[in-house]
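Number of protein chains: 2
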Amino acid sequence: MAEEQSSRPAGEPATEPGPAPEVECKNEDGVLQDPEDPESTGGNGTDISSLEQPLLKRSPTLTASHLAIVGAKVSHIESLDYEIIENDLFKHDWRSRSNVEVLQYIFLKWAMAFLVGLLTGVIASVTNLAIENITGLKMLHMVNLVRERRYWAGFLYFAGVNFALTFVAAVLCVVFAPTAAGPGIPEIKAYLNGVDTPNMFGAPQLIVKIIGSIGAVSSGMDLGKEGPLVHIGACLANLLSQGGEGRWRLRWRWLRYFNNDRDRRDLITCGASSGVCAAFRSPVGGVLFALEEVATWWRSALLWRTFFSTATVVVVLRGFIEVCRDGRCGMFGEGGLILFDVSGVTVHYHVGDLLPVTLVGVLGGLLGALYNHVLHQVLRLYNLINAKGRLAKLALALAVCVFTSAGLYLLPFAVPCTPCDAGLAAAGVCPTVGKSGNFKQFNCPDGYYNDLASLLHATNTDATRNIFSTGTSGEFRLDSLLIFFAIYCVLGLITFGIAVPSGLFLPIILMGSAYGRILALVLAKFVHIDHGLYAVLGAAALMSGSMRMTVSLCVIFLELTNNLLLLPITMFVLLIAKTVGDAFNPSIYEIILDLKGLPFLEPKPETWMKDLTVGELAAAKPRAITLQVVEKVSTVVEVLRSTPHNGFPVVDRPRPGVSELHGLVLRSHLMAVLRKKWFLTEKRRTEEWEAREKFSSTELAEKAGSIDEVQLSPEEMEMYIDLHPFTNTTPYTVVETMSVAKAVVLFRTCALRHMLIIPKFHQISPIVGILTRQDLRAHNILGAFPHLANKRKVH
Amino acid sequence: MAEEQSSRPAGEPATEPGPAPEVECKNEDGVLQDPEDPESTGGNGTDISSLEQPLLKRSPTLTASHLAIVGAKVSHIESLDYEIIENDLFKHDWRSRSNVEVLQYIFLKWAMAFLVGLLTGVIASVTNLAIENITGLKMLHMVNLVRERRYWAGFLYFAGVNFALTFVAAVLCVVFAPTAAGPGIPEIKAYLNGVDTPNMFGAPQLIVKIIGSIGAVSSGMDLGKEGPLVHIGACLANLLSQGGEGRWRLRWRWLRYFNNDRDRRDLITCGASSGVCAAFRSPVGGVLFALEEVATWWRSALLWRTFFSTATVVVVLRGFIEVCRDGRCGMFGEGGLILFDVSGVTVHYHVGDLLPVTLVGVLGGLLGALYNHVLHQVLRLYNLINAKGRLAKLALALAVCVFTSAGLYLLPFAVPCTPCDAGLAAAGVCPTVGKSGNFKQFNCPDGYYNDLASLLHATNTDATRNIFSTGTSGEFRLDSLLIFFAIYCVLGLITFGIAVPSGLFLPIILMGSAYGRILALVLAKFVHIDHGLYAVLGAAALMSGSMRMTVSLCVIFLELTNNLLLLPITMFVLLIAKTVGDAFNPSIYEIILDLKGLPFLEPKPETWMKDLTVGELAAAKPRAITLQVVEKVSTVVEVLRSTPHNGFPVVDRPRPGVSELHGLVLRSHLMAVLRKKWFLTEKRRTEEWEAREKFSSTELAEKAGSIDEVQLSPEEMEMYIDLHPFTNTTPYTVVETMSVAKAVVLFRTCALRHMLIIPKFHQISPIVGILTRQDLRAHNILGAFPHLANKRKVH
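Quick note, the sequences are listed as chains A and B, same order. No gaps in the numbering here: position 577 of the first sequence is 577 in the numbering used here, and each next residue is one more. So the mapping is simple: the numbering used here equals the position in the second sequence, first residue as 1, plus 1000.
Looking at chain A on its own, in the form it has when it is part of the complex (with noise of 0.2 Å):
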């Protein structure tokens, strides 16, 4: 049955008596007094509308799809909602609460910010030491391969390491937990927004994405660590705020405070600092990294707990590098956690620095809108390919990896060999064999290194740490750094899409990095600043703009590269680097969010939406379904059955000929009185305790669940349902005249997930329409009123 035929008259009592409401519910279109049919409300009302108001056209033009693709499939996406439900049982809850209870609710907020902390760094730091240890070896044996000029058998060799690998990953990720792949941080941020991307943060997605992360990164791809573990420390924060996944989970009474969109949401903001504060060990980076880039609402106590988090999260990585000092963590343990310390190197700006600094910016605004351009394209191709099916998706990935191995393993031979430098050479330094280091000896003779060796056969984050270090400005020659650049911008395009757990900052960062002193190796003239702080900022350049950050890449990079001294300069390239790249197009993460179909709601709303009413936009939906406050239970269940709506106007009618808005209800609760068939036999208002002694709140909390699970028989069909201790009498309304933009604004700055509209004439129905998310997205909007979309944003 269509959505948009599914209604009945809330204006008429439901009397009928018959087995069959379906066919009396499909007669109506109408849900609330018919404006065409005036009289009924008892007032003249026509002449009012037509005086007052602009023509209201009734053309149910505006469609919003609710669905998007997740883990590459399309899925159904629900709404959350951080609106305080004021009905009568939530009222006595709270009310019931004790001191006690109120004090074990704060203690344990922290305690599972604390919890979310610790679990995120521990995890983080035994990633780290397994792709270590994994590559590590990998490494060794195949560089020993190739000093015995074994060449096929090393090739063979770290090719099919690689592709095991990744095999293990991308299986993984298929079979168990298609939305692990790729980073997370884009439906975080969506969840943050308030969209609920189904098994997004369950057990089985953080599971997935701690092994394939593992695998991703060991198997030597273009990819990260940093974006997953955010989605990781996501993942801790909703388990942990949930007791746990489904049938295991726990349903300890203290829990119950938790099981709500707000606490939850608060938790995933703390998880998903954690996990930035762990990928890039910047506790303050991370917290301004959820506030810039993730979060929606923020508050100045979440501040503090998000930074607790992120504390606990630095105290155990560096507890865990003060374990691993004595090489008690196998090979290279301690490497993956310091990306980059330059506090040694001295900076000492010139004016002439100016030229090539903000030339690295525009570059980087340029390049980063470029990749993001490019890397769309890419997406809604591997869209097509990962639609075809688990076999598809896993021959992708697969196949990705043997050309990166490929790359990575052959274009080494194409450069020639580079002497060492006498002092180097004589301290050891160079060239190394069989450890991380500079100078990569790989296929040369004693005394040379080959420098894209250096680069290419180590971890990405080694390979950062070589190309970001400083004093070093002789090291790489341009044609290496120039082959560098090259393949990792195809690398960097053609993975991020494959269905492995992946990130996006590393790729970029080592683009930039490249970019960074190529462009420092070219203006040697008018360089005076270390080759390897032009690598810093070219990555910082990059990312500012492919990510349009810039507070909390700053903050990052500060706390990556501890040095103050750096930060004006790299606060004028990103700056630079956002504003070029913004005049291009948005953001990677929305556009990837907008490749998903995920509901996002923007902060600013667009200027043309100050020409539209919300009267008109509710005027192009198909009319709201209301209830009753009395309602028969053949029509609740006909409601709910015919419409996938999560909440439903509630309608009073006190007197015969007067309609007025009670409030709202929500699916999830009519969905609990009928599991619980608290049902009436006559039409009557119940008193509160009767609803009180049967729901608790943890009950009413649960979700929905399906309208099919429950069993009826007809004599409870045509019973009655008091609807008066379930409804929100306060949700928030608008009146019909005002703005679409001010409406976007409200609806967002108190995140809601209904909005109803009242009309500005009272006596023509209590109720206009009702806006949700889908809604008040410009996109929708445009697609009903395509005559606005000739006026463009202001910034």
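What the hints contain is simulated information worked out from the structure, not anything from laboratory work.
Listed below are the simulated DSSO-like cross-link pairs for lysine-lysine, each with C-alpha atoms no more than 30 Å apart in a straight line:
hint, chain 1, residue 1, chain 2, residue 2
1, A, K683, A, K694
2, B, K1694, A, K610
3, B, K1604, A, K91
4, B, K1703, B, K1109
5, B, K1091, B, K1683
6, B, K1091, B, K1694
7, A, K677, A, K703
8, B, K1677, B, K1703
9, B, K1109, A, K610
10, B, K1610, A, K694
11, A, K676, A, K694
12, B, K1091, A, K604
13, A, K604, B, K1604
14, A, K604, B, K1109
15, B, K1604, A, K109
16, B, K1109, B, K1091
17, A, K676, B, K1610
18, B, K1091, B, K1676
19, B, K1676, B, K1694
20, B, K1109, B, K1694
21, A, K91, B, K1610
22, B, K1703, B, K1676
23, B, K1703, A, K604
24, A, K703, A, K683
25, B, K1091, B, K1677
26, B, K1694, B, K1683
27, A, K703, B, K1610
28, A, K676, A, K91
29, A, K703, A, K676
30, B, K1694, B, K1677
31, A, K91, A, K109
32, B, K1091, A, K610
33, A, K109, A, K703
34, B, K1676, A, K610
35, A, K610, B, K1703
36, A, K109, B, K1610
37, A, K703, B, K1604
38, A, K677, A, K91
39, A, K694, A, K677
Chain A is fixed; fit chain B onto it per the hints.
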């Protein structure tokens, strides 16, 4: 005429002629259709309200004062309006804006942010330079007199110069700009929360603040230039956005875009960030300080603009340091800009350090809370003294100055001389005479130094630098530190409230660093970190314990100390201190806000607010005064004359017996109409173009002005005003059954000035009441509903 009595019925058309509308208005108490007289609405409203509603008793007891202490004087406080006033004229104005004008607006926003940063940076540099030079010369001469054993002459010279400097600062402050006293941060915080403190951000305040700050800090009193710099940044931002002050205001056409509260708010946020950045040379810390402590609303675009401002400040400061490097800036010119740099110190933690570090945090919280408590009492006393007149204020400031001078001069004589370390003596570092340094010789023989003189005979920033200095664990004697701590505790309490520009940061840093070092000395056995770092931790803990910030303080200290390794331990200390402090009292800024009576809206509603509906709140207020869509001039004049309200609900009567809410009209718009005498001879609705031709958007953006300036003839008083073009038809409304908790959240998140309460049952009247900031403050509500007070706040 009392506000409660002045009102007129909206249900009746104002047709009675007569020259004495006051009498007519006084006769009636009800504005809306009286609920006690429901028959007038034509419906049987009485039985509905008794059935459905909690008993609303009309007991007008919610009295909220609009007065606050501004610069020791009680003034009338206005709220700011951040809502978009969607009336016909506004809609026409923005629709007529061309693309060029939109780009101009965007460009201007960034240009303003740049200018704010630039000017704040320049002013901070000049202020620093002046303070360092004045203090340097003063100290040099004083020490010379002491070296010549002319102790009394030294004291008289020292005290005399300080007296003169304080005199200049205090006279300026008392005579020209009383609001320039103190730090100004609480007022900025209130401004950004929506409270417009009069005479706060003008040109006199700016000038007095700059000169007064130089004088007060140079006089050696225990106050900092940090708070005043924040205020200076905000003043600059305000003046720039308005094109200047009063008569000298630029009235350029493109400035009109900034003639609204919203854009000014954003720019003042930039100014406050720039001020913090200039004070501590901490660009990220400045942004975070604004975010965490000062701002109420925030969004990403603002994040980037404030970041841009602070980046500009840093570049200016850096350029200034470069210029002064060669000693071109007089004595000690470079000093004041770099507070403390420990980037060279390597920090190693031991588990044993956990105890003393925790102790630093706990004590910081306790001392901070104690400081807040005692300062509160001192400020209450000072308010009494300051209220006695200008001479009393001046005398208080000068008394504190003399006491400070005596303490600073005499106390170093109380401690014995310490012999210099042989190595330091050989290096010429110890003792220091005639320049800034750690080992002041003062009254000691050669080869000896007076450690207390090193701390007391220096600018406050130099003192901080000395006490923060690393590698000096043996330099300061315990008794010297105890004396230092004791005198600065006393000075920190008695100095803050006097009538000179004064910051809170530095006094707290000095106190905190002293107790940090004392703790390190006492617990020397357990201490493995440098004592200088303990001073830093102590300062951070005390600041957190008093000001209750964490993230921004953490970043400020990170940027001050330039040492990332200190970060986790700083976070730990800050969070402990904040938690301990929060257990006792609110932050010092909240205490000052409360003391001044500024109606600040807290971010979190009180728990008991869930127990009260906005309808009950409105019932405790005098009835709202409403106007009709086409209203008599005499009525408008009467309403404006008799009430100070800034918004009036406008009610429409489309047909007899029905009255509808049309919207809200602002006092300033009514005043504009009266000034222009845009009156109608008959009672009719005007066409849209009629008002558009008459009123420009610039005129409508002007402040209201006084009603007494408008002179109207008796004939004009009998004419009519059409309010249609000026009425915001979509004010934010809430239903009377909404809980106050939910209403407060809506009010604050949407940054409202007025919130209309509409009835749940429309038949009675179109509006139940109007809520403003004052009505939603916990303190005011508890005055009217004292029984709610026995519920506590939930965090």
